[in-house]
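Participant: Listed below, chain by chain, are the residues.
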Amino acid sequence: MDQTQAPIIEPDVSFARRIIENGGDTLKKCFQCGNCSAVCNVTPDNAPFPRKEMIWAQWGLKDRLIGNADVWLCHQCNDCSAHCPRGANPGDVMAAIRNISFAHFAPFGLGALFTSKKYLPLLLLLPVVLIGVAVSFGSKQGFMSIKPIVFSNMMPVHVIDLVFLPTVGLAALAALIGVSNIMKSFKARTPGVSGQPGPMIPAAIKTVLGILKHEKMAQCEANAPRTIAHQMLFYGFFALLATTTLVAIMYWINKLGIGSVSATPLALAHPVKLLGNAGALLAFIGVSIIYKRRLTGDPKNVGKTGYYDSFFGTVLFWTITTGILAEIFRLIDISPAAFGVYYIHLVLVFTLLVYAPYSKFAHMLYRFMALTYSNAARRSKERVE
Amino acid sequence: MQSSVLVVGGGISGMTAAIEAAECGRQVYLVEKEAYLGGRVSKMNKYFPKLCPPLCGLEINFRRLRVNPLVTVMTGSKVEKVTGASGDFTAVIKTAPRYVNEKCVACDDCVKVCPVNRPDDFNYNMSETKAVYLPHAMAMPAKYVIDMSVCKGEACSECVKACKYGAIELNMEEKTTTVKVAAVVYATGWKPYDAGKIENLGYGQIKNVINNVEMERLSAVNGPTGGKIVRQDNAEPVKKVAFVQCAGSRDENHLPYCSSICCLASIKQANYVRDQYPESEVSIFYIDLRAPGKYEAFYKKMEKDKNVKFIKGKVARIEQDESGRATVTVEDILGGGKLKESFDLVVLATGMEPTMKTDKAVDVVLNDDGFMELDRQTVDGFIPAGVASGPVDVTTSIQNSTGAALRAFQCGVGKRG
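Note that the protein sequences, when read in sequence, are chains A and B.
Here the first sequence stands for residues 1 to 385, numbered as in the working numbering.
Here the second sequence stands for residues 386 to 802, numbered as in the working numbering.
Just so you know, not all the hints are guaranteed correct.
[To be verified] Below 27 Å or equal to it, Euclidean Cα-Cα: the simulated DSS-like pairs (lysine-lysine) are:
hint: 1; chain 1: A; residue 1: 29; chain 2: B; residue 2: 625
hint: 2; chain 1: A; residue 1: 300; chain 2: B; residue 2: 582
hint: 3; chain 1: B; residue 1: 694; chain 2: B; residue 2: 625
hint: 4; chain 1: A; residue 1: 29; chain 2: B; residue 2: 537
hint: 5; chain 1: B; residue 1: 428; chain 2: B; residue 2: 582
hint: 6; chain 1: B; residue 1: 613; chain 2: B; residue 2: 418
hint: 7; chain 1: A; residue 1: 304; chain 2: A; residue 2: 118
hint: 8; chain 1: B; residue 1: 625; chain 2: B; residue 2: 685
hint: 9; chain 1: B; residue 1: 697; chain 2: A; residue 2: 300
hint: 10; chain 1: A; residue 1: 29; chain 2: B; residue 2: 697
hint: 11; chain 1: B; residue 1: 435; chain 2: B; residue 2: 679
hint: 12; chain 1: A; residue 1: 300; chain 2: A; residue 2: 28
hint: 13; chain 1: B; residue 1: 725; chain 2: B; residue 2: 745
hint: 14; chain 1: A; residue 1: 147; chain 2: A; residue 2: 273
hint: 15; chain 1: A; residue 1: 216; chain 2: B; residue 2: 725
hint: 16; chain 1: B; residue 1: 428; chain 2: B; residue 2: 576
hint: 17; chain 1: A; residue 1: 213; chain 2: A; residue 2: 273
hint: 18; chain 1: A; residue 1: 292; chain 2: A; residue 2: 213
hint: 19; chain 1: B; residue 1: 560; chain 2: B; residue 2: 613
hint: 20; chain 1: B; residue 1: 488; chain 2: B; residue 2: 613
hint: 21; chain 1: B; residue 1: 697; chain 2: A; residue 2: 28
[Said to hold, decoys possible] Computed Cβ-Cβ distance ranges for the label pairs, DEER-style:
hint: 22; chain 1: A; residue 1: 9; chain 2: B; residue 2: 436; range: 38 to 48 Å
hint: 23; chain 1: A; residue 1: 244; chain 2: B; residue 2: 581; range: 49 to 59 Å
hint: 24; chain 1: B; residue 1: 511; chain 2: A; residue 2: 29; range: 55 to 65 Å
hint: 25; chain 1: A; residue 1: 117; chain 2: B; residue 2: 750; range: 39 to 49 Å
hint: 26; chain 1: A; residue 1: 184; chain 2: B; residue 2: 754; range: 30 to 40 Å
hint: 27; chain 1: A; residue 1: 184; chain 2: B; residue 2: 706; range: 53 to 63 Å
[Unchecked claim] Calculated Cβ distances over 10 Å to all of chain B for the following chain A residues:
hint: 28; residue: 38
hint: 29; residue: 39
hint: 30; residue: 47
hint: 31; residue: 51
hint: 32; residue: 85
hint: 33; residue: 140
hint: 34; residue: 261
hint: 35; residue: 280
hint: 36; residue: 309
hint: 37; residue: 364
None of these hints come from the bench; they were simulated from the model.
Just so you know, even glycine gets a beta-carbon here, dropped at the ideal spot from N, CA and C.
Work out the full structure: start from the sequences and follow the hints.
Facilitator: This is the structure we're talking about:
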C-alpha cells in the first residue's frame, strides 16, 4: 500500500481502559494468534471475529468497535476464552464492548446511570415511590382484609396502566432511538461488508426464525448448557408478555362493554391462566439455571459476571420469582405476604421494562438488529478471496 | 575432595560434557537409561540448517568416547541416589540387565529365530522389532538387547541356541554401582509434548495427524517406511502437507513457553517433503515464525519456494474428512478469512518438555516449567547441560554442555556462587 493511502490509526488509551474496567481486564494478554476466530462457531468466515476486535480493543479504536455489528453477532459462547492460549478471554472483552455500547446508544443522556451500582438506589427509588403513591391513592379502602385476595383491590388495572403506559412508552421511544442509532453505526462500521444491504424485512424474518430455534446459540460448545436455559427463559418470558397483554385486552373488553369475559383473578383452569403459569414456570427454571451457572460456573466457560450482567440477571430472576410467590400467597390466602410481594413484583417489573433500553435487556434489540443487518448485508460464511 | 564427574544422560549433550571433561583428564561416569547412546539426536533424520544427517556428528563423538579410557559408559542405567555436597558426592547407579553380554558381534542370528514382536520405541512405535533387537542401525554400543517384558524367557531359548558366541544370558541380573564424584551434570534432555492432550487437534484419533518427531522417523532411511513420507492411513504418497506450529507451546493450558526449535524443525521437514515430491504443496501455519540469528537465511530460502505457503494463524481444530484426510480450521490473519483446508498429512510441531519435569532427579531445583535453574549450579554441584535448563537447539546444547564440563571442574575447588 502507498504510504499516502495508509489508514490513519488513532489509538485511544482511555477507551482501552474503559474496556478493561467494563470486564475486559484480560485484554492485554492477547498475542493475536487467531485461535479464537478459528474456534468460534458463530463468526462469519470473512473477516471473522473476535481476533480483530481484540487488537482494535488493545489500541482503543473506539470507532471500529462501538457500532460494529460483529460485536453483537457474538453470543458469548466463550469457546474463544476456553481455548485461548493466553487467558486473554475474548468472550469477556466482547461482552465489555457491548456493556459500553448500552450506555453509548441509549438516548436522553441517561446511560451513565446504569454503569455503576452507586446509582442503583436512585433507580429503584423511582418505581418504589411511583407505585407507592399509586397504591396509596388508587387502592380500595381496607384492601388487605377483603377476601378472597384480589390484587386489583390494591392496584386497580387503570392505575397500573396510568403508571406503566407512559413510562413504558418512554422506554419504547428510547429503545427506538437506540436501535436507530446502532443501525446507522452498523452500516458505517461493520467490516467484511461491501455495497448496500439488501431488503430488511426478509432479513428480519430470517432472524426471527433463527432466534426461535436459537440457531446461533445452539452452536456454542463451552457455554452449551446455557442454550436450553436461555430458550426456556425466552419462551417463558414471551408467554408471560402474551398473558399480560391478553389480560389487559380482556379487562378492556369488559370495561368498554364490548363483551363479557372472565375477569381477574382467573380460574387456574382458564387457558390464559394456564399460559401464564406455564410461562412463569418455564422462565423460572431457565433463569435459575443461568443464574446458578453465573454464580458457580467456571468463568472461562460462563463468562465474567459484571454489573450489567448482575443488574439484569438479578432483576429478571426476582421479577419472575416474586410473580410466582405473589400468586402462591394469594392462593393460600395470606394477605400481607401476598400484597407485599405483589408490590415488590410491580417495582421489579417497572425496573425491568422501563429501564430495558439502558440495561443488558437491550441485548434483545441490539443483537436482533445486528443479526438482521448481517443477514441483509450478506455478511456471509463464504471467504472472500 | 573428588575430581570425577557424573553425567546423567547420554544424548548429544551428555556425551559432549563427558568427552570434554575426560579430554581434560577427569574420570567420567556417563549414565544413559536407554540401551544406546545418542538420545533424541540419533532419531533425527537431518539437522537444520545444513540438512546433514546427525549420525555423522554422533560417529565422531562415539569415536572420541571409545578411545578415551577415562569415560565409563553405563547404558541401561539410572542414577538411584545422590548424597553428599558439591565437591564430594556419592552416587548409586542401577544398571538393568541387557541379557546380552560383551561377546555379541551383532550378527543378527538371534533375531531370525526370535518368535516375539514388540513395538519399536526408537521409531515411536510406528514399526516393530523382535524381543531381541539392535536398538538401531548405528547403535553405540553395537550390542543387541532383550526386552524381557515380552521375551518368553528360558522356556523358549531359541536365541540362546542360535547364538554362536554364547552372548545371550537370560538370567542376567541388575547391577548396582557406587561412585564418588565432585559434580553431577544433568543432561536429561526432553521429550515431545504429548499432543493427545491438546483438545481439537485430533492427535491419536486421526491417523494422518502426526507429531514432528514421528515426521523425523518417517523421513529417515532407517525409519519405519525406509524414508518414504506417506499417508498414515493408506501408505499413499503425500501431495499436500500441513505443519501446525505451537501445537501445545506458548499456551498456558499446555507448555507456556516457546520451545525455540519447532519453527526451524518444520521448515526443515518442509524440505523433506519438497525434496521427495517435487509437485507437493506445503502449508506452515504459525503464530510468529521464529528463526533467530543465522537461521533467518534458512527461513528466507524456504520462503522463495512457491509451493510452500506460510500462513499466519494458529490452527484451532483438525477433523477427518470422508477421504481420511485431515481438515484444519484456522484464521488466515493476513489473508483476512477463516480457512478450512484438507491435507494428506498434518504434522503437529510439538514442543520440548523437559524430562526432569516428570522424572525428577534428587534434590534438583526446577522452575515452574520443569527446567533447572542456572544460578545455583556451582554451589549445589548440580549442573544442567543441553535442554535440561531450557529449550534449545543442538548447536546451543553442545556449546552449553562444553560449558557444563568447565562448571563441573569448578565444583569443590572453591566456593563461588
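Participant: Between residue 428 of chain B and residue 576 of chain B, does the CA-CA distance stay at or below 27 Å?
Facilitator: The given pair, whose Cα atoms are some 12 Å apart, holds under the 27 Å limit.
Participant: For the pair supplied as a hint, residue 613 of chain B and residue 418 of chain B, confirm whether the alpha-carbon distance does not exceed 27 Å.
Facilitator: Judged against 27 Å, a Cα distance of about 30 Å means the pair is violated.
Participant: Taking only the CA atoms, is the gap from residue 300 of chain A to residue 582 of chain B under or equal to 27 Å?
Facilitator: 19 Å, holds
Participant: Is the nearest Cβ of chain B still more than 10 Å from the Cβ of residue 51 of chain A?
Facilitator: Per Cβ check, residue 51 of chain A is inside 10 Å of chain B; nearest 6 Å; violated.
Participant: Regarding the pair residue 725 of chain B and residue 745 of chain B, is the alpha-carbon distance no greater than 27 Å?
Facilitator: 42 Å, violated
Participant: Holds or violated: residue 625 of chain B with residue 685 of chain B, Cα cutoff 27 Å?
Facilitator: 21 Å, holds
Participant: Say whether it holds or is violated: residue 140 of chain A keeps its Cβ farther than 10 Å from all Cβ of chain B.
Facilitator: 64 Å, holds
Participant: Can you confirm whether the C-alpha distance between residue 697 of chain B and residue 28 of chain A stays at or below 27 Å?
Facilitator: With a Cα-Cα distance of about 20 Å, the restraint between residue 697 of chain B and residue 28 of chain A holds, given a limit of 27 Å.
Participant: Verify the CB-CB distance for residue 184 of chain A and residue 706 of chain B against the hinted window 53 to 63 Å.
Facilitator: 43 Å Cβ-Cβ, so the 53 to 63 Å window is violated.
Participant: Need the status of pair residue 300 of chain A, residue 28 of chain A: alpha-carbon distance at most 27 Å?
Facilitator: 16 Å, holds
Participant: Verify the proposed pairing of residue 488 of chain B with residue 613 of chain B, using a straight-line Cα cut of 27 Å.
Facilitator: 35 Å, violated
Participant: Are all C-beta atoms of chain B more than 10 Å from that of residue 309 of chain A?
Facilitator: 25 Å, holds
Checked against the numbered hints given earlier, the structure breaks hints 1, 4, 6, 13, 19, 20, 24, 26, 27, 28, 29, 30, 31, 32 and satisfies all the rest.
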